[in-house]
Amino acid sequence: MSEDGIIHGFQQRRQLEVDLRALGETANDAELMTEAQKIAANYPASLIQAGILHRLGVANSQERGGLGHLSALLPEAAISDALRAVAVNRQKSPQERSAAALILERYLEEPLSPTLMADLAGNEDIPFQSLLEAVNEGHSNRHILLEYVTQMGEHGVDTAFMVLGLIDRLPPADQVELLRLIAQDMRPQVGKSAVDRLVELAQGNEWQEAIRALHTLRFALPPEPAQGVDRSLRKLQFAGRRYTPPPTDGWRALISPADAGGFASVWLVRDPEESKNIDATMLGFVLSTHAGIVQFTGVEGVPPSHLPAQQAVGSMVTVRTAGDQVMVLLNTDFEVGRWLVWQCVQAGWRRTPAPRHEEYALYNDWVWQFQAPHLPDTLNELWLRSADPAPVPDTAELAHLSELLLSHPAMDSWAAWARAVWVSVESPHRTPIDVSRTALVGLLLKEIARLPDKEELVLSMHAGLRVQSLWFAIAGDERNAERAATLAAAMLKIPLENQPFVATLLDNGLQTLREAQQ
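Position one of the sequence shown corresponds to residue 299 (the working numbering), numbered consecutively onward.
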């Protein structure tokens, strides 16, 4: 190799070392994945593999998680064999071996035989050191604790209880955040044990943070364990340990229109406040009051220029998302946004399996630290009416209401759904232009009504129309709010094959496609 080649290779290795260390400085999992992808694209696989093996013993748990993501981007056979060799090599440090085994199991889905790792069992010095490192780093970056608890969740119940035992050795102030995260473990015995430890901490001298964590868990946990937390909080009140929720000053919410699948975006925004050293924060949800939370992103330290401008409730703001898409959001009260999130959280618990979002588990204490979410009376009346299966207007009136509602730009995504349905079938393209749209819509409705997931379609549209009714009411459009509420209630009352709203929606979609053909 030439001297220039040697120098270039050395510089590459040095820069790769810098980039690998930078994985531990990322603020969230999305940033971690982005940095891992950049490394995978910028360096040869053989050099990256050597770098991963060299850094398996690092103390930074966030960086170890980045090494796992990076390993999943490499040619599988080579990195798997190399990691397996480290994991079973007793001349390597326990930290290196454990990290290699974790990457194989969690990121490459290649678990090792317990027999091969048996000599590490019972050695608590290394895991306790890892715990201390995570806690120290977590003081400045909470994502470190999330990564630690997520990695714990990849192992069996025995490992979880070992970690809980190690947490008992920490100062009370360092226990609370870890226990709050572990309390949201989907394994009931693990979650309950973490809650019980929080209750014990709430009975001690440094009880304020523990009781705050318990208050937030009332809204973050499934119904049964949440009821147990509620009982514990009532008992603590008798002992004088009462939680006082803070005011919601500085927080606001924005919501998008719902689509035909029932999904809407909700942004909860905390504006910066220099006098109190408060950074801007944005919590973004994609959710459904039928399906629950389907996406969540939490970002701290947002540059103020990246936040949607503060405007009056009912005003609309156009924002550009990370995917360079344009989205129209409606400014609303923070409580309305929180209440919608709460409806979706409860919907998620009714589904099997319940949706799980690790980042939501990290940030949900910011959402639920306040008083129980509530909806203003006028909006609550509209919400209840949109689910009332009482008598509804006749078919002709419902069709008329549908036409008026669907003419609003906020319903454009519903129109796009209808066009996509027609594009997916052959009839609009193979049938002569003079064939009755009414006949085609009737045939398609009957076909849809025979689908095995028709009930899911009905409930999703019902959920979407209910959210639309709130959206219009907040925007000051009372007529469309009432129309959406009435049509939402009718979705539960009238069979799908006779649904005026869906028929009108499909008819409009077919008309648009036919006009495009001419």
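By construction, these hints were calculated from the structure, which means they are not laboratory data.
Hints may be right or wrong, so weigh each one.
[Unchecked claim] 20 Å max Cα-Cα, derived EDC-like pairs, lysine to aspartate or glutamate:
no.	residue 1	residue 2
1	K791	D775
2	K336	E315
3	K390	D379
4	K490	E475
[Stated by the list, open to error] Ranges between beta-carbon positions, derived for each pair:
no.	residue 1	residue 2	range
5	L790	D456	45 to 51 Å
6	F536	E754	26 to 32 Å
7	T616	A814	25 to 31 Å
8	A343	E323	20 to 26 Å
9	A343	A610	50 to 56 Å
10	P651	T619	53 to 59 Å
11	V592	L749	39 to 45 Å
12	Q309	D456	53 to 59 Å
13	R654	R312	37 to 43 Å
14	H672	Q313	50 to 56 Å
15	N796	A325	31 to 37 Å
16	Q669	Q335	37 to 43 Å
17	L749	H352	51 to 57 Å
Beta carbons: idealized from backbone N, C-alpha and C, even for Gly.
Status of each hint after checking the structure:
1. K791 - D775: Cα-Cα ~25 Å, so violated.
2. K336 - E315: holds (14 Å)
3. K390 - D379: Holds, at roughly 16 Å.
4. K490 - E475: Holds: K490 and E475 sit about 15 Å apart, inside 20 Å.
5. L790 - D456: 45 to 51 Å: holds (47 Å)
6. F536 - E754: 26 to 32 Å: violated (46 Å)
7. T616 - A814: 25 to 31 Å: holds (27 Å)
8. A343 - E323: 20 to 26 Å: holds (24 Å)
9. A343 - A610: 50 to 56 Å: Check passed, 54 Å falls within 50 to 56 Å.
10. P651 - T619: 53 to 59 Å: violated (28 Å)
11. V592 - L749: 39 to 45 Å: violated (21 Å)
12. Q309 - D456: 53 to 59 Å: violated (46 Å)
13. R654 - R312: 37 to 43 Å: Roughly 40 Å apart at Cβ, these two residues keep to the hinted range, so it holds.
14. H672 - Q313: 50 to 56 Å: Holds - the Cβ-Cβ distance for H672 and Q313, about 54 Å, lies within 50 to 56 Å.
15. N796 - A325: 31 to 37 Å: violated (52 Å)
16. Q669 - Q335: 37 to 43 Å: Hint holds: Cβ distance 41 Å, inside 37 to 43 Å.
17. L749 - H352: 51 to 57 Å: Because 54 Å falls inside the window, the suggested range holds.
In terms of the numbered hints stated before, the structure departs from hints 1, 6, 10, 11, 12, 15, listed from lowest to highest.
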